[in-house]
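Chains as they are written, first to last, in the numbering used here: chain A, 28 to 406; chain B, 28 to 406; chain C, 28 to 406; chain D, 28 to 406.
Note that these hints are calculated values from the structure, not bench results.
Wrong hints could be hidden among the right ones.
Chain copies aren't distinguished; within one or between two, either way the pair holds.
Derived EDC-like pairs (lysine to aspartate or glutamate); straight-line CA-CA distance at most 20 Å [to be verified]: (1) K294 - D313; (2) K149 - E80; (3) K93 - D178; (4) K361 - E76; (5) K403 - D68; (6) K403 - E266; (7) K93 - D324; (8) K396 - E264; (9) K98 - E264; (10) K241 - E379.
Protein chains: 4
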Amino acid sequence: MLNYGMVGGGPGAFIGDIHRKAIRIDALAKLTAGCFSRNVDKSRKFGKELGIEENCLYSNFEEMAKTEATKKDGISFVVCVTPNVSHFIVCKTFLEQGINVVCDKPLTFTSHQARILADIVKQKNLLFAVTYTYTGYPAIKQMREMVKKGDIGKIRFVNAEYPQDWLAMPLSEDNKLAPWRMDPKVSGITNCLGDIGTHIENLAAFVTGLKIKKISAHLDSLVEGRILDDNAVVNIEYESGAKGLYWSSQIAFGNDNAVRIRIFGEKGGLEWVQENPDHFIFTPCDRPKEIWSRGRDSFENPAQKYSRIPAGHQEGLFEAFANIYKSYIKALTKKNNGEKLSVEDFDFPTVEMGFDGVNYIEKCFESNKNNSAWIKINE
Amino acid sequence: MLNYGMVGGGPGAFIGDIHRKAIRIDALAKLTAGCFSRNVDKSRKFGKELGIEENCLYSNFEEMAKTEATKKDGISFVVCVTPNVSHFIVCKTFLEQGINVVCDKPLTFTSHQARILADIVKQKNLLFAVTYTYTGYPAIKQMREMVKKGDIGKIRFVNAEYPQDWLAMPLSEDNKLAPWRMDPKVSGITNCLGDIGTHIENLAAFVTGLKIKKISAHLDSLVEGRILDDNAVVNIEYESGAKGLYWSSQIAFGNDNAVRIRIFGEKGGLEWVQENPDHFIFTPCDRPKEIWSRGRDSFENPAQKYSRIPAGHQEGLFEAFANIYKSYIKALTKKNNGEKLSVEDFDFPTVEMGFDGVNYIEKCFESNKNNSAWIKINE
Amino acid sequence: MLNYGMVGGGPGAFIGDIHRKAIRIDALAKLTAGCFSRNVDKSRKFGKELGIEENCLYSNFEEMAKTEATKKDGISFVVCVTPNVSHFIVCKTFLEQGINVVCDKPLTFTSHQARILADIVKQKNLLFAVTYTYTGYPAIKQMREMVKKGDIGKIRFVNAEYPQDWLAMPLSEDNKLAPWRMDPKVSGITNCLGDIGTHIENLAAFVTGLKIKKISAHLDSLVEGRILDDNAVVNIEYESGAKGLYWSSQIAFGNDNAVRIRIFGEKGGLEWVQENPDHFIFTPCDRPKEIWSRGRDSFENPAQKYSRIPAGHQEGLFEAFANIYKSYIKALTKKNNGEKLSVEDFDFPTVEMGFDGVNYIEKCFESNKNNSAWIKINE
Amino acid sequence: MLNYGMVGGGPGAFIGDIHRKAIRIDALAKLTAGCFSRNVDKSRKFGKELGIEENCLYSNFEEMAKTEATKKDGISFVVCVTPNVSHFIVCKTFLEQGINVVCDKPLTFTSHQARILADIVKQKNLLFAVTYTYTGYPAIKQMREMVKKGDIGKIRFVNAEYPQDWLAMPLSEDNKLAPWRMDPKVSGITNCLGDIGTHIENLAAFVTGLKIKKISAHLDSLVEGRILDDNAVVNIEYESGAKGLYWSSQIAFGNDNAVRIRIFGEKGGLEWVQENPDHFIFTPCDRPKEIWSRGRDSFENPAQKYSRIPAGHQEGLFEAFANIYKSYIKALTKKNNGEKLSVEDFDFPTVEMGFDGVNYIEKCFESNKNNSAWIKINE
């Protein structure tokens, strides 16, 4: 079992708790160090409750990085779950100390920052994962296999969407979660696109393997008085010539977290909805459409190996998260053992995908400012 | 019971048969005259089988228009179900003889032609319906009522789509229906957009009452070797400031005729899918989402009056078609009786909606040619 | 086109109107005679509105049967849509005059009566259909084909249900439809079982071809103060050794007319729900489950030939009804032309199925009285 | 954090792994002792991998019970996940040593054994939970609240089912899981009823609070050559006069673990399906049906407090399991602290429910042997 540390994710922090729970499911790593809050007392109290030894509860993340890097049984990786604004500096600090990193998305504020992180990772030969949750679902992994094998032929069109409705009402005093998301200083240049739009950009890339060539973006603030976007439509052209359409919204009444991806190829189609994550639909060009269930024999090993329980007993978000950690920790353990990693070992969203996400946000922002002009993604 | 005639819709013609069957359901009009095919013998033989008297089976539609216009018991209206290319001349001919017209969509090849028809209708005080099928569903009518009453508040965003997959395979010899649809001389400047994209443009307009201000269109031919579009994405800005997104596709494996509309307002949302036409989902901002069934008491009179059978027994496309005819014939009967028509009587897609559809196609075509530039719809 | 007559189905009568509309869709028969109500004036007025000539509007059904039987262009068949209590005498009268009959279900009050009708039909070589609606759906016909071909192997278990909720509230003054249904003199010995339980008995027999050997029935009146049953569970043993479970209910809140049948064989399963009638699910034993759509090529000719429109445009109850009439009228026309009818021509519920339904009701009633004892169906 | 031990659940044991993972999610208890297999070496090796200290890895459960009972920091509770046949002796041994127990279902082979366990629990004032998984879902807890509050009025009918298809094919050599389930010596007198039929008996009791008065059972072995049942239908009469119908099957092609419960009351209905566990449907008698989502504000505190993540991110079986442990451990901690437990604290399936399950199996077995005679449940 590896040791890991956490920065951010203090009392009441929603996402930090999910990371810890997800890691505990498989018990492949143990939380042994932390810096959970800027309030040192709060952080220490919380760390103790989590069973961490006192001398591994740090006042600030710089101290934590330095100390853990030099300890014999120091952490093998750190999980960064701070607000978006500090992802860059936290990740950079640990990477520079030679510590592997798992960071929440979006990776950084600017693509420049993301490039710096990616460069350090490469240069120091470290392992870096970005927790784009939806890539952890076995159904998504099976769909990726089927795309690879050519089951739907060359892809023609991708339609991905992420509608929510939790920001459909104007903000009120008692809506605690929302304010910082609407504050550009904390959230960055976009809200809806950065928070959930990047999820579908990543999910589509992960499943299809398609590279975006150019985009034309429409960011809207549909709730009165809002500064940042709460609805985003992005038209996509891929390098292969295929086309795409990504829609994300936080004002879509009737939707909780209805991530949906539909992929249409020359020989068939695939469809998946996050609110029913254990199933997907495969339509071959010449037979009726099929409903596939996670856990059934039809799933192939690269997807099936993530199933923990039989078909029909649902696995959800925690298990998807746990799968990302499972892949990451397995790869890290292999690397620590001096084994060479194959492409298959990188079965988690990498720092390059993190870069792609931030770059995508920037290019969409730019396109939107320019009357939705088509912008090349790599210029 | 009114008398009606038909131009087009001969043996093997799919859509003409639907019109006749739909009209027969309620038996509010009787087919008494026709010109079903350019092949006069074929047309006469077919007309006799339909029970039409020989002297009411015409060699050409000009003769039919003239003769029926002067007969005492001539037709009250004509149904035009010819290929798109001849809609204009057929409709114009009958209108000029003072005969009311029901025409299939898209109304004409050019908006100029559509404007001419609309002008004659106005000038001669005739009734003209365009058979945009989906407006006939009681669920759609109930949604329109709820929008009107403010149940979802001011509309912010509309997401409408029409995916099919019947043109996903390259054309082969034995695929008889498709060729003319891909021939610009018969189908006009677009295929997917003109054939099904206009349906969602009309459906959204009918339910929401929103007027489009400008559009940015992306027409693609995703099947190799195809000239006309088989996939179309249109970004919309309405006059009210609301935004929209319309996607239609003929290469979307796994979809038969999956028309879907989602409307998001300040106080709630509405969702309807054509493959389950008797139901829709209403999500109020402060309560769980609701599934409404046609035929249940929750439907209000302007929608409920179109129900023929109790909830749970499905009504489908024929009944939706029949509803358009029901409204049209009732209005026509009222007009023939010298009564004044109220706004409620025009509960069918009008010639102005027909114009809007053709204009929409033209503007989308123009935008697409100009690198998807934003184009004002009324310039 | 054949001529037909109708007994019952006067102004306001729900089911008579459905029959007429359904017949009109395909225009294979024309309503030329009728006796729509015991109130002669009402009946005549109504008949005239329907376009029937005055001398074909009869004061009573006996007169109608006699007169039509002797006319040169008299009716080829009569549709009996009177209340259940008079089905027997009406049918018998017409049969004895040599006139073919279509009768609503349940066929008669007693199996003795049903046997008499069946005997006359046989003896006089007439065609008799009972309008068990659900057998008319193309999806049901396709499922029947698949069972026949052995796609699911030998059947092991059938689970059929018909939940409604329209009698879930105690009767009030303004609930007009219900009273007679709860009156044994009009409805017979059962309500829920007779009205909707027989539908699933027939549907299961039609699709599976299984013959019931014995039954054990549980009839309950779950709404206080009710005499007849509003909920019925019947345990089934078929002659083949397979087992079954039929549940019908009128107090099942949340259900409109949710007929559902699930058939489990040695090699696969089938499932269909009336509220989504154009689709069914086929699960082969060794592959993912499949969703089949009416109108798709996967449907075989004996089912496909009933499709009027492409997949994705729903056909509903009217079309199912129309299909029964289509089969019946085609068979009748063939017979009238002196052709020999094959087994395939009898693609509608016959008088023997009508007998089976009434016999099933009687045996269930008897079992229920005897503490749900197992009763042989043929003793 | 409490200490706990485990008996059974060795390498490859499916259910033991689920228990451990589920407990780890919330980290309210730590595995500190175990006896995982009859093979002592295997057990010790496995225990070490789980991080348990060597002196807490026992050769047999008797030794474990005795030793842990006397240790200062011994286990607070033991989890029994052995094959059904040894549940009784294991549970009894630990209870007699004063150690609290969590046991898998079905609790014991005979109701006599279950009664003995229940008596010891009472006498020694211990806490005992039976892991009927489905009671752990927040949606189920919310439904229970709504029943309690009278939202659907007095219950009239319950329809619960549990179809699977994993035993639909005759057993083959490579189907490893199944053999012991079909061996009466290991599985007891029933298979399908005991394995999954008890789940729906418990689920219905948990949600509705109804007590069964009598049952009439139909157990069938529908796959050739099978001794124990693979399909079970049970007709139910509750003490309140309400009726019920429970169906479980292992040969139902197309079903993974499709637990479904429908409850119909005087004022509305409720419906839940395990394959979509975060949602349920509530139909009030006078409004459209509603889809409720776990995590939404509409959930009340006794259910909502079990939500870990927002609506739309699915929680599945692990989380349901974790909820049972959460309630159990919270109650145990409270008791250990000398606090008095309220009725609300017993928010987990108790030993009495375990008894009810075994008794239900016995009575169904008896009824089935007697030609499905009605049997009183408490005689």
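- Message: Of the numbered hints stated earlier in the document, which are not met by this structure?
- Response: Violated hints: 2, 3, 5, 7 and 9; rest satisfied.
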